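Model the full structure from these sequences, guided by the hints.
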Amino acid sequence: MSSFTPLRMTYREACKQAIRDALLADPRCFVMGEDVGKYGGCYAVTKGLLEEFGPARIVDTPLAEVGFVGAGVGAALAGLRPIVEIMTCNFSLLALDQIMNNAATIPHMSGGQFAVPLVIRMATGAGRQLAAQHSHSLEGWFAHIPGLKVLVPGTVEDARHMLAAALADPNPVLIFEHIVLYNAEDELDPAVTTVDIEHAHVRRAGKDVSLVTYGNSLPKCLAAAQQLAGEGIEAEVIDLRVLRPLDTATVMESLTRTHRCVIVDEGWKSGSISAEIAARLAEDALYELDAPVRRVCAREVPVPYAEHMETASLPQVPDIVAAVRSVVKAG
Amino acid sequence: MSSFTPLRMTYREACKQAIRDALLADPRCFVMGEDVGKYGGCYAVTKGLLEEFGPARIVDTPLAEVGFVGAGVGAALAGLRPIVEIMTCNFSLLALDQIMNNAATIPHMSGGQFAVPLVIRMATGAGRQLAAQHSHSLEGWFAHIPGLKVLVPGTVEDARHMLAAALADPNPVLIFEHIVLYNAEDELDPAVTTVDIEHAHVRRAGKDVSLVTYGNSLPKCLAAAQQLAGEGIEAEVIDLRVLRPLDTATVMESLTRTHRCVIVDEGWKSGSISAEIAARLAEDALYELDAPVRRVCAREVPVPYAEHMETASLPQVPDIVAAVRSVVKAG
Amino acid sequence: MTDKIHLDRGHLHRLYRGMLRIRRFESRCVELYQAQKIRGFLHLYDGEEAVAVGVMDALEPRDAVLATYREHGHALARGVPMAPLMAEMLGKVEGCCRGRGGSMHLFHREHRFFGGNAIVGGGLPLAVGIAMADKQLRPGAVTACFFGEGAVAEGAFHESMNLAAIWKLPVLFVCENNLYAMGVPLADSESQTEVYRKADAYRMASAQVDAMDPVQMAAAARRAVEHVRTGLGPYFLECRTYRFRAHSMFDTQAYRTRGEIEGWRQRDPIERLRHWMEGNHLLTADEAAAIDAAVAAELQAAVAFAEAGTLEPVDQLERFVLMDSVVQEAAP
Amino acid sequence: MTDKIHLDRGHLHRLYRGMLRIRRFESRCVELYQAQKIRGFLHLYDGEEAVAVGVMDALEPRDAVLATYREHGHALARGVPMAPLMAEMLGKVEGCCRGRGGSMHLFHREHRFFGGNAIVGGGLPLAVGIAMADKQLRPGAVTACFFGEGAVAEGAFHESMNLAAIWKLPVLFVCENNLYAMGVPLADSESQTEVYRKADAYRMASAQVDAMDPVQMAAAARRAVEHVRTGLGPYFLECRTYRFRAHSMFDTQAYRTRGEIEGWRQRDPIERLRHWMEGNHLLTADEAAAIDAAVAAELQAAVAFAEAGTLEPVDQLERFVLMDSVVQEAAP
Ligand SMILES: Cc1ncc(C[n+]2csc(CCOP(=O)(O)OP(=O)(O)O)c2C)c(N)n1
Ligand SMILES: Cc1ncc(C[n+]2csc(CCOP(=O)(O)OP(=O)(O)O)c2C)c(N)n1
Ligand SMILES: [Mg+2]
Ligand SMILES: [Mg+2]
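Residue numbers (our numbering), protein chains in the order written: chain B, 1 to 331; chain P, 1 to 331; chain Y, 1 to 332; chain X, 1 to 332.
If you are wondering where the hints come from, they were derived from the structure by calculation, not from laboratory data.
Just so you know, not all the hints are guaranteed correct.
Within a straight-line C-alpha distance of at most 25 Å, the following computed DSS-like cross-link-like pairs (lysine-lysine) qualify [as the list claims (entries may be wrong)]:
#, chain 1, residue 1, chain 2, residue 2
1, X, K37, P, K38
2, Y, K168, B, K38
3, P, K269, B, K269
4, P, K38, X, K135
5, P, K329, P, K269
6, X, K168, X, K135
Label pairs and their computed distance ranges (CB to CB) [what the hints assert, rightly or not]:
#, chain 1, residue 1, chain 2, residue 2, range
7, P, P318, Y, G79, 56 to 64 Å
8, B, A205, X, A308, 48 to 56 Å
9, Y, G140, B, A205, 56 to 64 Å
10, X, Q316, B, R8, 52 to 60 Å
Computed list of chain Y residues with no C-beta within reach of chain X, every gap over 10 Å [claimed, not checked]:
#, residue
11, G10
12, R17
13, E159
14, N162
15, R197
16, A201
17, R223
18, A254
19, Q266
20, G279
21, A293
22, E298
23, S325
Please read all numbers here as calculations on a predicted model, not as lab measurements.
Heads up, the beta-carbon is just placed ideally off N, CA and C, and yes, glycines get one too.
Have a look at this one:
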């Protein structure tokens, strides 16, 4: 059933191929959101799908976030498999009631009578000078909500295969696609046709420090690791991939070898996912830590438009390198 | 200008007296929200104020959370001092866009041209068998948002005096009043006529463990401390009072004496305010810790209706006592 | 009362019994609340029974229903058995939601009862989505969504009405206009107080009906359901009714007068239907007594079942936070 | 064009110059975008100039204005100087928001310009609140709130319209109906495509105007502002217009035809007004040249100011996240 997959593709193309496969594989599956059809998607992810699948499967909605997200929940309750696109997570705030009070709650509250097999995709993150109202990174914040699963593809492979796993899951799954990654390109291993949505993955092995991250901070961490290698510091880079439920086991295991941890996250520092990870280390791995935990996060400001200010507000490679150096020196 | 204050009053009465004082003190101040007027407030906090101040100062709104919360932001931008009541934080999800994208963002985004001197009060918390959609504790979650201040009165004194400080602040301030505390009664010291909204307070001194909490978990922690004292364990109970900006200095200072920390929070554990505090300890006080940090939080479930299940889903005194014992034994 | 021609004797008796079941169920709930066996919020449907009974009367099993936190009547009228409902009210695992939902969250999959919802307006977007699914999976099925006139001010109402209209979805929007949203009278929350006219903004068919008249109500519901089922698109039905009691158990009702309440009580739909049937020789004393006895027996059995119920084991607390599969065995 | 009687020669010239300033400012912005000196999203007002110019023409300094992410024209027409606007586009600290807001977030306190807003519908609730404040603090002041027809589907629109209506607030709702919301044509987003009739649901006064006719537009704006200023309550003005260019710089416009665009370009409000004035001896070649030159000079000076601008020091990043006081000195 899987469509032809060029070996090399962009993250954007991977997202599209994943959607296309899903539509081909399951007649209950459809795409609904703002400008997913005639416009081709704000970030061109759904371009061409309206022509291929028609308006019954690729549904352009009016501007009505609480309405069409709630409609997605209802459609899932009644047997369809909606892929709802919220153009960017900045607009998801308008739909939060439906996500928290209905999608995440009805299965438990109804005593298990109803499941909500819903997938919500949204673009996330900053880095394109879209300013304060269009630069939120809310994935870590959504990960606070019981009843949801939260996926953060940081590689083309995950962008290509996470959707199928999300659709196979009987629970509401949120997928956050980073706007800066859409143009990222990579080779795909044709042998890999599925990915799990339970585990963090070690993207680079190392013995000196565990560098824990996800999404668009992953390439930054890999770049930092490369640079640090030049200084003789071997960083192990862990891609969380799933922010809820959080796979701390992989982080803990790494820590038993490195005894040092730096967490990198594009969310605002206070209350970010990096806080939850650091907290779990303080609870369950205190005696493994040979140095204080360090967090490299977004500055706690609305992201400004001006390029130099936006850059300063986000985690950058030099910040990561400096944080790693500080913990490797310490203890 | 301050109205007659009986020495002994409930938390509910304290909230009302604070509002009454504000209305008497400043003609720009008004109350707006659902059923604050004719009904007298869902939790009777505003009972009688419509009769005293009239419909221009006590404004009943239709059910329109994004509308009237946004209207509060606008009124603040244009020179008034609104006290917006969101009946319960469960409904605040519908207004989140206005809170995050406008109230918290416009001052910074406009280069400091506009301030948003807005106060939003909401009832929070579980414990009255109101079930999943009416039992959220979102204060720690809101504390993630730069540009906001988040207050969590846990005593009658703070309920009585925090509002004035919030109204004097040029920034949007959220006040979370716990539904279970409304009936709590206490003596008020007439000498105390103001409180700060910067610092955490030590509510009980102790040398063996720092018990960090706020809101309705404060009485639970004090009860636990009492019980622990019987076992010869002296817990220092810290009431955070303000979740954003977070006063970690007071926590750190306590830790330098106790070297042990248990954090108690009614929010869902993952990504709760307890995570942020534990993370800061792992970053900045690692070498002070003689035992792993412990968090006693709400279970990560939609809060069920049945009394025994609701009780099991929330932090209780025995859980706190057990957590303290475990850290005092440890290390 | 017009339209009675549509309704034969048996049908009228069914409507009467349906309303009586709700009235009796809820007055027992009040006693159980006072005895602290029911806790949390308790919103009574007292006075509004004709709405749920009239609409459900026009629905079929394949149809879907969504209601509010004031939904005991909707669940009963839809056919959810009284015993698991009462057990739910008491927080027992034998309840329709294992005691997790309580008064505001009654769900029942077999009856396609997609629950009470404690967020005003929260059910409307769900109705749109259920109708989208049914249009594809269950052609001819209707989704009936109940909400109060207060919900009409919510953005979710506006967005849902518009989506249903542009996509011509089989949704029946049932507005229970009892003139108050907690303590806020309709005139304080809407400048257009002829609520059914709100549908014009979406070019949606609509009507207004006196819901204190059970026969009128049932007839209007039939016309509305017929419209939706035949594929003519969504329909908005404004049901003019009144809540005889407080909004919930914590309401002093300072916002309305005793006189006003008394006036409306004169129009009690249950009394009204009974007197009318008696006057027209459509209900004999024996029949009335029989219905009475049947309802009393059903209620007694339901309360006994609920009282004898057990508590969900605490170790099940996290069960169903995440589901293992979409098709779950029904709750015990 | 009717209503021309209201408008003397000087007035017509002002309208013409106002539109020309916007058109020229934005075409320069496109060049600067291609030169990568402007980044992020850039939404052009090309074709819609008559709306902002016509409405601002009817406003007074005491009035308040809110706009969208397509607000260069509104800021210019409102009187925000071109130089700090262009500096803002370039992200310079000399910009009206210190370079923090950019194209979508132009604010100016002195002109009571409460900003662009990048959340569709996000400005409407703010307008309601500003009008509440003005009703008390600045009697007679009007709050003009601009938004696209796409925003009409948002819950925030519905809630804001209702609040303004029931509280009789001095809000002028200006709907810029350019027939598309990004790639979604009006007919796909609303069943009621006569958008001004949406106001009926709130019993709010409304009108529709051909906004490709600057004189009609200005006249309709005057009537609307007059209605609001005299205390008759809010007003909804639907301005039928068209966006000549792409939604933003990332739009392939697959959703509409070249022919459609060309057809609308024939009705270009700037060309149309100029030809009409020329034909009626209301604009001489010299006058046209003089206006042209003045606008060119203003633009050149603005670009020079912006290019010469400096960057906000990075150590100021956290400044204004929390304010120290309500009355801030204006940005430098
Ligand atoms: C979004 C939201 N806001 C506020 C509330 C609190 N609340 C519960 S019922 C109610 C009044 C609703 O009135 P209406 O829609 O007319 O229904 P009725 O209770 O009259 O049946 C309010 C304000 C809520 N549950 N949800
Ligand atoms: C709440 C929200 N949803 C979606 C978007 C993305 N978006 C930006 S502009 C736009 C179209 C708005 O159309 P309209 O209101 O007609 O204004 P126009 O752009 O035509 O002037 C959309 C969908 C947004 N900015 N905010
Ligand atoms: Mg009502
Ligand atoms: Mg438009």
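- Item | Structure versus earlier hints - violations, ascending order | 1, 7, 10, 13, 14, 15, 16
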